[in-house]
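Enquirer: Sequence:
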Amino acid sequence: DNVWIKAYKTAIEHHQQQIAGKIVLDVGCGIGLLSILCAQAGASKVYAIDASNIARE
1 DNVWIKAYKT
11 AIEHHQQQIA
21 GKIVLDVGCG
31 IGLLSILCAQ
41 AGASKVYAID
51 ASNIARE
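Going by the UniProt record's numbering, the sequence shown opens with residue 1, and the numbers climb by one from there.
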């Protein structure tokens, strides 16, 4: 949903200073949207973990 994506992006951009240079662990990442946004915000490493079948494909 475009509204949720914009909300997540805005929140991560607002906290970019807290994310930049940090290691991020996104548990239950699904398609990895938050992981991608954190990487774009400057996280030094992003670990995206999900147990769903789509993650295995």
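No wet-lab data here; the hints were simulated from the structure. Hints are not guaranteed to be accurate.
As a list, the in silico DSSO-like pairs of lysine-lysine whose alpha-carbon atoms are at most 30 angstroms apart [what the hints assert, rightly or not]:
1. K45 to K6
2. K6 to K22
3. K22 to K9
4. K45 to K9
5. K45 to K22
Simulated restraints on C-beta separations [stated by the list, open to error]:
6. A11 to K45: 33 to 43 angstroms
7. N53 to G21: 31 to 41 angstroms
8. A7 to A39: 29 to 39 angstroms
9. K45 to K9: 15 to 25 angstroms
10. A11 to S44: 31 to 41 angstroms
11. I49 to A7: 19 to 29 angstroms
12. D50 to K9: 11 to 21 angstroms
13. N53 to Q17: 17 to 27 angstroms
14. Y47 to Q16: 24 to 34 angstroms
15. Y8 to K45: 12 to 22 angstroms
All values reported here derive from a predicted model rather than from experimental measurement. Note that the Cβ used here is the ideal one computed from N, Cα and C, for glycine as well.
Enquirer: Each hint needs a verdict: does it hold in this structure or not?
Expert: Hint by hint, here is what the structure shows:
A threshold of 30 angstroms between alpha carbons decides the hint, and for K45 with K6 the separation of about 23 angstroms falls inside it, so the pair holds. With a C-alpha separation of about 22 angstroms, the suggested pairing of K6 with K22 holds against the 30 angstroms cut-off. With a C-alpha separation of about 17 angstroms, the suggested pairing of K22 with K9 holds against the 30 angstroms cut-off. Distance restraint check for K45 and K9: the Cα-Cα separation of roughly 18 angstroms lies within the 30 angstroms cut-off, and the hinted pair is therefore satisfied.
A C-alpha spacing of about 7 angstroms is found between K45 and K22, which places the hinted pair at or below 30 angstroms, so the restraint holds. At about 20 angstroms, the beta-carbon gap between A11 and K45 misses the expected band of 33 to 43 angstroms. Checked against the given bound of 31 to 41 angstroms, the beta carbons of N53 and G21, roughly 34 angstroms apart, stay inside it. Range check, A7 to A39: about 18 angstroms between beta-carbon atoms, so the 29 to 39 angstroms window is missed.
A hinted range of 15 to 25 angstroms holds for the C-beta pair K45 and K9, which are about 20 angstroms apart. Between A11 and S44 the C-beta distance comes to about 20 angstroms, which lies outside the given range of 31 to 41 angstroms. At about 23 angstroms, the beta-carbon gap between I49 and A7 stays in the expected band of 19 to 29 angstroms. The hint said 11 to 21 angstroms for the Cβ distance between D50 and K9, and at roughly 20 angstroms that hint holds.
For the pair N53 and Q17, the supplied restraint of 17 to 27 angstroms is violated, since their beta-carbon distance comes to about 36 angstroms. Under the hint 24 to 34 angstroms, the C-beta atoms of Y47 and Q16, about 19 angstroms apart, miss the expected range. The supplied range of 12 to 22 angstroms is met by Y8 and K45, whose beta-carbon atoms lie about 19 angstroms from each other.
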